[in-house]
Structure formats: structure tokens, C-alpha cells
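Colleague: All chains, please: the whole structure from these sequences, using the hints.
Take a look at the letters that make up each chain.
There are 2 protein chains.
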Amino acid sequence: MKVLVTVMPKAGVLDPQGKAIGHALAGLGFGGLGEVRAGKVIELELAETDPARARQAAEEMARRLLANTVIESFRVEVL
Amino acid sequence: MKVLVTVMPKAGVLDPQGKAIGHALAGLGFGGLGEVRAGKVIELELAETDPARARQAAEEMARRLLANTVIESFRVEVL
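Going line by line, the protein sequences match chains Z and P.
Taking my numbering, the leading residue of the first sequence gets 1, the next gets one more, and so forth.
Taking my numbering, the leading residue of the second sequence gets 80, the next gets one more, and so forth.
Rather than coming from a laboratory, the hints here were simulated on the basis of the structure.
It should be emphasised that the depicted structure is a prediction, and the values quoted were computed from it without experimental measurement.
Mixed in with the good hints there might be a few duds.
Below, simulated DSSO-like cross-link-like pairs (lysine-lysine); rule was C-alpha separation at most 27 Å, straight line [stated by the list, open to error]:
#1 Z:Lys-40 x Z:Lys-2
#2 Z:Lys-10 x P:Lys-98
#3 P:Lys-119 x P:Lys-98
#4 P:Lys-119 x P:Lys-89
#5 P:Lys-89 x Z:Lys-40
#6 Z:Lys-10 x Z:Lys-40
#7 P:Lys-81 x P:Lys-119
#8 P:Lys-119 x Z:Lys-40
#9 P:Lys-98 x Z:Lys-2
#10 Z:Lys-19 x P:Lys-81
#11 Z:Lys-40 x Z:Lys-19
#12 P:Lys-89 x Z:Lys-19
#13 Z:Lys-10 x P:Lys-119
Calculated Cβ distances over 10 Å to all of chain Z for the following chain P residues [stated by the list, open to error]:
#14 Gly-91
#15 Leu-93
#16 Pro-130
#17 Leu-158
Where chain P lies over chain Z, by a calculated footprint (3+ residues, C-beta under 8 Å) [what the hints assert, rightly or not]:
#18 14 to 27
#19 59 to 65
For glycine and all other residues, C-beta sits at the position ideal for the given N, C-alpha and C.
Modeller: Put into C-alpha cells, the structure is as follows:
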């Protein structure tokens with residue numbers, strides 16, 4: 001069962017990578033750009049076949065390793 | 080209009096970050112883990128209000144800056 005964990009900086013947390021991307025896009029001539037935020041996505045292939053338990057496992061992985069919950073929030077999608 | 084661009088390594092491209100995450104998760108005792116792949120997600124706030132044009136702009140940004148299309152694929156979601 002495939003699970004996607006998306007990790008983003010929390011609102012209010014400085015995101016220098018997102019700022020750099022925004023500046024680079026503006027430099028390339030892209031207009032009408034507001035805030036840009038950069039996060040990461042981790043695609044996990046789990047042996048678990050129950051969607052609820054796969055979600056639970058992925059949330060536990062996110063809390064323990066994938067996200068720094070002090071400054072990042074995460075969401076889990078079971079595909 | 081908010082747009083999410085998700086960039087992942089293409090199938091068959093070595094993904095050392097994903098491998099490292101997989102090893103770390105196994106080391107923490109998580110079992111039943113198959114392939115782990117790591118990518119990035121960029122959240123863009125665009126002034127554009129037409130969903131089709133917002134998607135087009137984001138795809139152009141992905142091709143020109145956000146993704147290295149030789150080794151990465153991307154997908155765009157208009158929220």
C-alpha cells in the first residue's frame with residue numbers, strides 16, 4: 001500500500017528555501033507570485049494492506065523521523 | 080490561487096535520500112517497508128485566478144526551475 005507523507009514548514013516559520021525559489025522565479029520573469037513555501041514529500045511502500053493501519057504507521061513514522069514537529073507540520077495520504 | 084508542485088525522482092533514478100530514510104525507519108523498528116522515495120513539494124500562491132492558466136504557469140515554472148526533468152518528474156495540483 002502506497003502512502004505519501006508531505007512535510008511543510010509551519011505557518012510563521014521562516015522558510016529560506018521557499019524564499020529563494022520565489023526570488024529565482026521572479027528573476028526568470030514569472031509575475032503574480034505570492035508566497036512560495038518549500039517542503040518535502042516521502043513516498044512509502046508499506047506491506048500493510050489496511051488503509052487505517054497504514055495511515056497510523058505513516059503518522060508514527062512522520063512524528064518519529066520524517067517531520068520535525070516543532071517547526072514542520074505533516075499530512076498523510078493513503079493512495 | 081494556491082498551486083502545489085510535487086517533484087519526485089523518476090523511476091529507475093537512484094534516490095539516496097529515500098534509501099537513507101528507509102534505512103533510518105528500519106533502524107527505528109518500523110517493519111513491512113518497501114521502497115521509500117523522497118521528493119520535494121513547492122506551494123505557490125499565484126495571483127492568477129483562472130485554474131487552467133494557473134496550472135499552465137506552474138507547469139512552466141516546474142519545467143524551467145523547480146524540476147530537473149532529466150531525472151525528476153513533476154505533477155501540478157491546483158487547490
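Colleague: None of the hints should be skipped; say for each whether it holds.
Modeller: Each hint, compared with the structure:
Between the alpha carbons of Lys-40 (chain Z) and Lys-2 (chain Z) the distance comes to roughly 16 Å, so the proposed pair stays at or under 27 Å and holds. Between Lys-10 (chain Z) and Lys-98 (chain P) the alpha-carbon distance is near 26 Å, which keeps this suggested pair within the 27 Å criterion. As the CA atoms of Lys-119 (chain P) and Lys-98 (chain P) are separated by approximately 15 Å, the hinted pair is consistent with the 27 Å bound. In summary, the hint linking Lys-119 (chain P) to Lys-89 (chain P) is supported, as the alpha carbons are separated by about 13 Å, within the 27 Å threshold.
The hinted pair formed by Lys-89 (chain P) and Lys-40 (chain Z) meets the criterion: a straight-line CA distance of about 16 Å does not exceed 27 Å. Using a Cα cut-off of 27 Å, the hinted pair Lys-10 (chain Z) and Lys-40 (chain Z) holds, with the two alpha carbons roughly 13 Å apart. Proposed proximity of Lys-81 (chain P) and Lys-119 (chain P) is supported: the alpha carbons are some 16 Å apart, at most 27 Å. Proximity of Lys-119 (chain P) to Lys-40 (chain Z) is assessed by CA-CA distance (about 4 Å); at most 27 Å being required, the pair is judged to hold.
A distance of roughly 16 Å separates the Cα atoms of Lys-98 (chain P) and Lys-2 (chain Z); the hinted pair therefore holds under the 27 Å criterion. Note on Lys-19 (chain Z) and Lys-81 (chain P): the hinted pairing holds, with a Cα-Cα distance of about 16 Å set against a maximum of 27 Å. Distance restraint check for Lys-40 (chain Z) and Lys-19 (chain Z): the Cα-Cα separation of roughly 15 Å lies within the 27 Å cut-off, and the hinted pair is therefore satisfied. Using a Cα cut-off of 27 Å, the hinted pair Lys-89 (chain P) and Lys-19 (chain Z) holds, with the two alpha carbons roughly 26 Å apart.
For the hint linking Lys-10 (chain Z) to Lys-119 (chain P), the alpha-carbon distance of about 16 Å falls within 27 Å, and the restraint holds. Under the 10 Å C-beta cut-off, the non-interface status given to Gly-91 (chain P) relative to chain Z holds; the minimum distance is some 15 Å. Under the 10 Å C-beta cut-off, the non-interface status given to Leu-93 (chain P) relative to chain Z holds; the minimum distance is some 15 Å. Non-interface status of Pro-130 (chain P) relative to chain Z is upheld: no Cβ of that chain comes within 10 Å, the nearest being about 14 Å off.
The Cβ of Leu-158 (chain P) sits about 13 Å from the closest Cβ of chain Z, beyond the 10 Å cut-off, so the non-interface label holds. For the region 14 to 27 of chain Z, the assignment as covered by chain P holds, since 4 residues bring a beta-carbon within under 8 Å of that chain's beta-carbons and 3 suffice. Counting residues of the region 59 to 65 of chain Z whose beta-carbon sits less than 8 Å from any beta-carbon of chain P gives 4, enough to reach three: the coverage restraint holds.
Violated hints: none; the structure is consistent with every hint.
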